[in-house]
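Undergrad: So the sequence lines, in the order shown, correspond to chains C and Z. Note that the numbering used here has the first sequence beginning at 29, numbered continuously upward. Note that the numbering used here has the second sequence beginning at 10, numbered continuously upward.
Keep in mind that the hints were calculated from the coordinates and are not lab data. Just so you know, these numbers come straight off a predicted model, no measurement behind them. Possibly wrong hints are sitting among the right ones.
SDA-like mimics (lysine to any residue), calculated; alpha carbons at most 25 Å apart, straight line [as the list claims (entries may be wrong)]:
no. : chain 1 : residue 1 : chain 2 : residue 2
1   : Z       : Lys52     : C       : Ile427
2   : Z       : Lys52     : C       : Ser347
3   : Z       : Lys52     : C       : Arg387
4   : C       : Lys419    : Z       : Leu53
5   : C       : Lys124    : Z       : Leu53
6   : Z       : Lys52     : C       : Leu422
7   : C       : Lys302    : C       : Val429
8   : Z       : Lys52     : C       : Ser377
9   : Z       : Lys52     : C       : Pro328
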Amino acid sequence: MTLDLNRADAVSLAAAVRTGQVSAKDAVSAALNRIAARDKALNCFTSVTADTALAAAEEIDRKIARGEDPGPLAGVPVAVKNLFDIAGTTTLAGSKINAEKPPATQDATAVSRLKQAGAVLVGSLNMDEYAYGFVTENAHYGATHNPHDLTRIAGGSSGGSAAAVAGGLVPLTLGSDTNGSIRVPAAFCGVYGLKPTYGRLSRAGTVLFAGSFDHIGPFARSVRDIATAFDILQGLDDRDPVCCDRPLAETQLASSLQEIAGVRIAIAGDYFTKGAEPAALEAVEQVARALGATQYVTLPEAHRARAAAFVITACEGASLHLDDLRSRPQDFDPATRDRFLAGALIPASWYIGAQRFRRWFRDRVREVFQDVDLILAPTTPCPAPAIGQQKMILDGVEILVRPHLGLFTQPLSFIGLPVLSVPIQRAGALPLGVQLVAAPYNEALILRVAGVLEAMGVVSAPVPVAE
Amino acid sequence: MSEKTFEPAEYVEQMARLVDLPLQPENRAGVVENFARIQAVAKLVTEFPLPEEIEVAPVFEP
Chain C
29 MTLDLNRADA VSLAAAVRTG QVSAKDAVSA ALNRIAARDK ALNCFTSVTA
79 DTALAAAEEI DRKIARGEDP GPLAGVPVAV KNLFDIAGTT TLAGSKINAE
129 KPPATQDATA VSRLKQAGAV LVGSLNMDEY AYGFVTENAH YGATHNPHDL
179 TRIAGGSSGG SAAAVAGGLV PLTLGSDTNG SIRVPAAFCG VYGLKPTYGR
229 LSRAGTVLFA GSFDHIGPFA RSVRDIATAF DILQGLDDRD PVCCDRPLAE
279 TQLASSLQEI AGVRIAIAGD YFTKGAEPAA LEAVEQVARA LGATQYVTLP
329 EAHRARAAAF VITACEGASL HLDDLRSRPQ DFDPATRDRF LAGALIPASW
379 YIGAQRFRRW FRDRVREVFQ DVDLILAPTT PCPAPAIGQQ KMILDGVEIL
429 VRPHLGLFTQ PLSFIGLPVL SVPIQRAGAL PLGVQLVAAP YNEALILRVA
479 GVLEAMGVVS APVPVAE
Chain Z
10 MSEKTFEPAE YVEQMARLVD LPLQPENRAG VVENFARIQA VAKLVTEFPL
60 PEEIEVAPVF EP
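The shape of chain C in the complex, shown without the other chains:
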């Protein structure tokens, strides 16, 4: 069977490049052509680095011709949320303000690790300004459209990263997640999005948002792609003080095991079953049935965990941008400005109290993981809302869309748990996501379970039929 360049996942594309079945240059040219053809409708990319990408691809082809190892992602076109530094270009972080800054002098650690593995960077991707949002409706760079329905949002803040993968522009992207910014758009766009354990992957060379919760992670259309990217990105980095020095997880191996006997899987109860549309809970049930999980567990005071995350985020976010908030508030996106300004006025006791609560909540959840290994929860309370939609009705109550989208993701990133959002495709309806949540540093278990679900056909991320 010949490889379909436009639908192949990263692992199969790299295998084809490594064995000479296709050149890196052809693989990258095909991605550039897809971007040229479809990104006008999707608005995922804020820059496309065609020249450097083609030059990098040619270099990989020369390496292969010389008999050298081109790396496990040889010739795979990748793109990153525009808060990752790319040497020689200015890092926007979704803002107009940062567009005035000088170009980055060095690649972000994650970018350089992908390149070392043979991946070819083809551009940077749209996001909510300074990552403060779940919608990617950016006042400066436009809204990113959901490839499953162009009238819907892609989710955010890593909306460009999710939609570029879902729309088949590139097989692999990077995003960041502070309160749900990888998992929410992954769910809305029907792809896999991994938020690893806090501190697991280096954030060096990325624009932070709320350092207490900032994570980076990959988006892809297959479990093995997520595992491959995660394994490449792991490892201590002196440039990120939060980056941990722990044994590397072997998630590639784990994702291929196809065996989960003895794994104790439970469903998140209480808080995680309320405030959602029935379809979001049905997605969780579907995964639970496939895994034979029937037990419910409670993460105590999860609503307060979300509240504490909200306070800390507002405070830390405002503090990072205080100088610009003072001198040029008019240059912020109206969707973030007033929230940032309000965050600058929070009393210290609220912030410290929220940080102390974080310690308490972590201890309680560690106790829960004495009895279970993996927890299932909905990623979002609903499928992707319409672009521009301000309000929605849930349980008969009218609520604001924007803050509600992180309902189920926020309490988990609050304590840095590793989470993979797996895509549930629904005939005639928009996709949804289910969070696979494990104890800290147990990404391998998550990928193992995801590999089984993918093989069963319960979760999948096909490129939608051409619009």
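Position chain Z against the provided structure of chain C, taking the given hints into account.
TA: Quick look at chain Z alone, frame taken from chain C:
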């Protein structure tokens, strides 16, 4: 007693002055609205009794 009620608009005004954060007239209402939202959310945290020995994690390890 009305003297004991909290006025978000007043607090925002005064606190912004204290931290030297000029608020443009066109942003003021939005900032007050957002601060009131944070205040309501923060209550969920501040009202919860934590044992005294619970410290902030200086280097956070999940």
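Undergrad: Each hint: holds or not?
TA: Against the structure, the hints:
1. Lys52(Z) - Ile427(C): holds, 20 Å
2. Lys52(Z) - Ser347(C): holds, 21 Å
3. Lys52(Z) - Arg387(C): holds, 18 Å
4. Lys419(C) - Leu53(Z): holds, 23 Å
5. Lys124(C) - Leu53(Z): Status violated; Cα separation ~35 Å.
6. Lys52(Z) - Leu422(C): holds, 23 Å
7. Lys302(C) - Val429(C): The hint holds at about 16 Å.
8. Lys52(Z) - Ser377(C): Between Lys52(Z) and Ser377(C) the Cα gap is close to 11 Å, so the pair holds against 25 Å.
9. Lys52(Z) - Pro328(C): OK: Lys52(Z) and Pro328(C) at ~17 Å, within 25 Å.
Hint violations for this structure: number 5 only, all remaining hints satisfied.
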